[in-house]
Amino acid sequence: MADSTEGIGGLKYDKTKRAWPNELNIFFALIAIVLIFEALGQILPYMNGQSMLFDFNTKRDGTILNIARLKIIILQVSIIGIIALGVTQVIISGGIDLSSGPLVGAAAMIVMSFAQTELVNGNPNPKAVFGDWAFDLPVIVPVIVGLSFGAFIGAINGSLIAYTRIPPFIATLGMFLICRGIAQWWTRGQPVSFPTEGYAWLGSGMMPVVWFLMLAVLFHFVLRHTVYGKHTYAIGSNEDAARMSGINVQRHKILVYMIASMLAAFAAIVLSSKNLTAQTGMGQFYELFAIAMAVIGGVSLTGGRGSVVGTVLGAMVFGVIQSGFTYIRLDAFYQLMAMGTIIISAVVLDQWRQKTGKSRS
Amino acid sequence: MRKILIATALTSLMGTTAMAETIGATIARFDDNFLTVMRNGMVEHAEAIDGVTIQVEDAADDVAKQLDQINNFIASGVDAIIVNPVDTSATQAMSDAAEAAGVPLVYINRQPVNLDTLPDNQAMVASNEVESGTLSAIEACKLLRAAGLGVVGAKGYIIMGQLSNQAAIQRTKDVDDVVGMDMCNFITIVDRQTSEWSRDKAQDLMANWISSGEDFDVVFANNDESAIGSIQAMKAAGISMEDVVVVGVDATQDALVAMQAGELDATVFQDAFGQGSGSVDAALALSRGEDVPRKVWIPFKLVTPANMGDFLDKN
Numbered sequence: 000m001a002d003s004t005e006g007i008g009g010l011k012y013d014k015t016k017r018a019w020p021n022e023l024n025i026f027f028a029l030i031a032i033v034l035i036f037e038a039l040g041q042i043l044p045y046m047n048g049q050s051m052l053f054d055f056n057t058k059r060d061g062t063i064l065n066i067a068r069l070k071i072i073i074l075q076v077s078i079i080g081i082i083a084l085g086v087t088q089v090i091i092s093g094g095i096d097l098s099s100g101p102l103v104g105a106a107a108m109i110v111m112s113f114a115q116t117e118l119v120n121g122n123p124n125p126k127a128v129f130g131d132w133a134f135d136l137p138v139i140v141p142v143i144v145g146l147s148f149g150a151f152i153g154a155i156n157g158s159l160i161a162y163t164r165i166p167p168f169i170a171t172l173g174m175f176l177i178c179r180g181i182a183q184w185w186t187r188g189q190p191v192s193f194p195t196e197g198y199a200w201l202g203s204g205m206m207p208v209v210w211f212l213m214l215a216v217l218f219h220f221v222l223r224h225t226v227y228g229k230h231t232y233a234i235g236s237n238e239d240a241a242r243m244s245g246i247n248v249q250r251h252k253i254l255v256y257m258i259a260s261m262l263a264a265f266a267a268i269v270l271s272s273k274n275l276t277a278q279t280g281m282g283q284f285y286e287l288f289a290i291a292m293a294v295i296g297g298v299s300l301t302g303g304r305g306s307v308v309g310t311v312l313g314a315m316v317f318g319v320i321q322s323g324f325t326y327i328r329l330d331a332f333y334q335l336m337a338m339g340t341i342i343i344s345a346v347v348l349d350q351w352r353q354k355t356g357k358s359r360s
Numbered sequence: 000m001r002k003i004l005i006a007t008a009l010t011s012l013m014g015t016t017a018m019a020e021t022i023g024a025t026i027a028r029f030d031d032n033f034l035t036v037m038r039n040g041m042v043e044h045a046e047a048i049d050g051v052t053i054q055v056e057d058a059a060d061d062v063a064k065q066l067d068q069i070n071n072f073i074a075s076g077v078d079a080i081i082v083n084p085v086d087t088s089a090t091q092a093m094s095d096a097a098e099a100a101g102v103p104l105v106y107i108n109r110q111p112v113n114l115d116t117l118p119d120n121q122a123m124v125a126s127n128e129v130e131s132g133t134l135s136a137i138e139a140c141k142l143l144r145a146a147g148l149g150v151v152g153a154k155g156y157i158i159m160g161q162l163s164n165q166a167a168i169q170r171t172k173d174v175d176d177v178v179g180m181d182m183c184n185f186i187t188i189v190d191r192q193t194s195e196w197s198r199d200k201a202q203d204l205m206a207n208w209i210s211s212g213e214d215f216d217v218v219f220a221n222n223d224e225s226a227i228g229s230i231q232a233m234k235a236a237g238i239s240m241e242d243v244v245v246v247g248v249d250a251t252q253d254a255l256v257a258m259q260a261g262e263l264d265a266t267v268f269q270d271a272f273g274q275g276s277g278s279v280d281a282a283l284a285l286s287r288g289e290d291v292p293r294k295v296w297i298p299f300k301l302v303t304p305a306n307m308g309d310f311l312d313k314n
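From first to last, the protein sequence lines are chains E and Z. The numbers in numbering that gives the first Met the number 0 rise by one with no breaks, and the one at position 281 of the first sequence is 280. The numbers in numbering that gives the first Met the number 0 rise by one with no breaks, and the one at position 34 of the second sequence is 33.
Calculated from the structure, these hints are not laboratory results. Predicted, not measured: the structure shown is a model, and the values here were computed from it. Even for Gly, the Cβ is constructed at its ideal location relative to N, Cα and C. A portion of the hints provided could be inaccurate.
Label-pair restraints from in silico Cβ distances [what the hints assert, rightly or not]:
| # | chain 1 | residue 1 | chain 2 | residue 2 | range |
| --- | --- | --- | --- | --- | --- |
| 1 | Z | Thr187 | E | Gly339 | 31 to 39 Å |
| 2 | E | Met336 | Z | Ala260 | 35 to 43 Å |
| 3 | E | Phe55 | Z | Glu241 | 27 to 35 Å |
| 4 | Z | Arg293 | E | Ala133 | 45 to 53 Å |
| 5 | E | Gly173 | Z | Gly288 | 17 to 25 Å |
| 6 | Z | Met182 | E | Phe151 | 56 to 64 Å |
| 7 | E | Tyr45 | Z | Leu162 | 17 to 25 Å |
| 8 | Z | Asp67 | E | Gly339 | 28 to 36 Å |
| 9 | E | Gly173 | Z | Ala236 | 40 to 48 Å |
| 10 | Z | Lys172 | E | Leu118 | 34 to 42 Å |
| 11 | Z | Ala100 | E | Ala133 | 45 to 53 Å |
| 12 | E | Trp351 | Z | Ala260 | 48 to 56 Å |
Simulated pairs of lysine-lysine, DSSO-like, Cα-Cα distance not exceeding 27 Å [claimed, not checked]:
| # | chain 1 | residue 1 | chain 2 | residue 2 |
| --- | --- | --- | --- | --- |
| 13 | Z | Lys141 | Z | Lys300 |
| 14 | E | Lys126 | Z | Lys200 |
| 15 | E | Lys126 | Z | Lys294 |
| 16 | E | Lys126 | Z | Lys300 |
| 17 | Z | Lys234 | E | Lys70 |
| 18 | Z | Lys172 | E | Lys70 |
| 19 | Z | Lys172 | Z | Lys154 |
Whenever a hint applies, use it, and build me the whole structure from the sequences.
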């Protein structure tokens, strides 16, 4: 409520505070992390002074930028980033969604079985799930199947949370297990491979990045400039106030969870297309990384605060760290520890900044 | 009335124990491709034998859960237990529990830490990991020599599996051992990282390596999924697959398709199905009091474009 001057449930923002937006801090943190890696590249003896983002000497890509590195930094976080866009909305509305990772696994399995091609190198598809009718379907079929499955799971999540009033943590934890079960049951654990060319295009090359950025722009607009967005912030800031001011809180929550699950299902489509396979274990820890991206991006776990721009920057932080680890050839045994430390420090710094920021006003 | 019911229940119970044999099996994880083929080998083989029923549980990578499952099997009176250990160093307690109850136990696919002290009615059915990494690494070395790199030297990357897994550690060590041999010491390992067995992570990992601009000639992957992921990333970056030797382990169907396309150069077939059916045979033999060697080895086989036809329908 501190962010609003008048009106209901934090609908209006104090213009003076937006002069120094939270997103700018995350952007600076991102640059600081890049600089740390660049410095390590100069200091560590075995790196031979190699740079992370630049390529002054060989200019392989025709510029001084290391284009390949810039591409992989964002490519490797795009798919979890798509999930994080949905998670952002759920957290802003005051909830949490733990089911997105297993939903990715389940949706990938289901979708891929409608996207299979009949002939592989001229031989019959060895991984066929259904009969002849399911081969070489137009790409729209698996996409619609996937999004419908996502919407269905999201509707269950949302209805449970809105009508039975069980905590979102529990409802989506249950759905976490159910979805992992569905993923394993669908083909009894067998992976599903060899999609049609049309389906393979969805996640080929830099397409995951295109989808991620397009969806980010879309949901940035939706959250900032539509009634849906304003209601989402209002419910997250103060649910009772939102209800009393006439927002249909229950219906809105269901909508938020449906959108989040559809985004996770879409991530599954892109992921399975990128890898040309669907496996039951896909999406492991994606829910946690998606939440971490949002939180690093300044989305408050208490609800009502955060933005899509922040989450995209949070995703970029992950991408830079992941690439940076490989760049400095950090031993795999230390990577998880370093990653965990960075996540915790980022949030601690953010909390500390929030406190000092508030006392200043 | 109640007496009759109890009597029928008892006779039917005795009937089943007298005629049928039940096997309880616990698998480290259900969502692993290889273990799924192995599990299918178990189930299909057991169901094909008259009077044998098999119940398979998912330990979901949880050591404690797996021990509970074994104790539940013992409590429900199975004739033999098959364990695909989540953690090979946690098997002592499992062996103890089965031994105390007098139930035969067979470890499958992963070598238990207490292998040398297993009681007489316990055994292991597995393939020798030292073979797998070595077979594929030596094949890579041969291909590189044939390409004339033996003189000028070759650079390579290792994509490791899950670092908590014995097979990943062994297969990586196998590569190191091969590269350490006189015949193959022209190969330098530039970097080694983990993909946690996953195709997606291997793709990202390879794209990161490519972005460093370092030239390389060979990729040693601990498993085929990682090899395929690296191939996808190299193709996306416009690297010709004729210039890079890529070897994996497992001979999955996806890998053989990549081999048909000329992208994967060698892989190693681990007979998952054979391990599964072999474990059922060993379990039944032990439950009938027959002698079973402590280590039942199911051999690895090198798969190259020359002989891949033999393996297309195996995994």
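Verification of the hints:
A hinted range of 31 to 39 Å holds for the C-beta pair Z:Thr187 and E:Gly339, which are about 32 Å apart. At about 39 Å, the CB distance of E:Met336 to Z:Ala260 agrees with the hint of 35 to 43 Å. Take E:Phe55 and Z:Glu241: their Cβ atoms lie about 31 Å apart, and the range 27 to 35 Å holds. Distance hint for Z:Arg293 and E:Ala133: a CB-CB separation of about 47 Å, consistent with the stated range 45 to 53 Å.
Our hint of 17 to 25 Å for E:Gly173 and Z:Gly288 is violated, since their Cβ atoms are close to 46 Å apart. For Z:Met182 and E:Phe151, the Cβ-Cβ distance of about 58 Å falls inside the hinted range of 56 to 64 Å, so the restraint holds. Restraint check, E:Tyr45 to Z:Leu162: a C-beta distance of roughly 21 Å satisfies the suggested window 17 to 25 Å. Range check, Z:Asp67 to E:Gly339: about 29 Å between beta-carbon atoms, so the 28 to 36 Å window is met.
Under the hint 40 to 48 Å, the C-beta atoms of E:Gly173 and Z:Ala236, about 42 Å apart, fit the expected range. In this structure the hint that Z:Lys172 and E:Leu118 lie 34 to 42 Å apart at CB holds, the actual value being about 40 Å. For the pair Z:Ala100 and E:Ala133, the beta carbons lie near 47 Å from each other, so the given range of 45 to 53 Å is met. The hinted window of 48 to 56 Å between E:Trp351 and Z:Ala260 holds, with their beta carbons roughly 54 Å apart.
Taking the CA atoms of Z:Lys141 and Z:Lys300, the gap is about 16 Å. The hint holds against a cut of 27 Å. Between E:Lys126 and Z:Lys200 the CA atoms are separated by roughly 22 Å; this keeps the pair inside 27 Å, and the hint holds. For a cut-off of 27 Å, the pair hint linking E:Lys126 to Z:Lys294 is broken: about 33 Å separates their Cα positions. With a CA separation close to 23 Å, the supplied pair E:Lys126 and Z:Lys300 stays within the 27 Å bound.
Taken as a hint, the Z:Lys234 and E:Lys70 pair is honoured in the structure, with Cα atoms around 15 Å apart against an allowance of 27 Å. For the hint pairing Z:Lys172 with E:Lys70, the CA-to-CA distance comes to about 32 Å; that exceeds 27 Å, so the pair is violated. At roughly 17 Å between alpha-carbon atoms, Z:Lys172 and Z:Lys154 fall within 27 Å of each other, so this suggested pair holds.
Hints 5, 15 and 18 from the earlier list are contradicted by this structure; the remaining hints agree with it.
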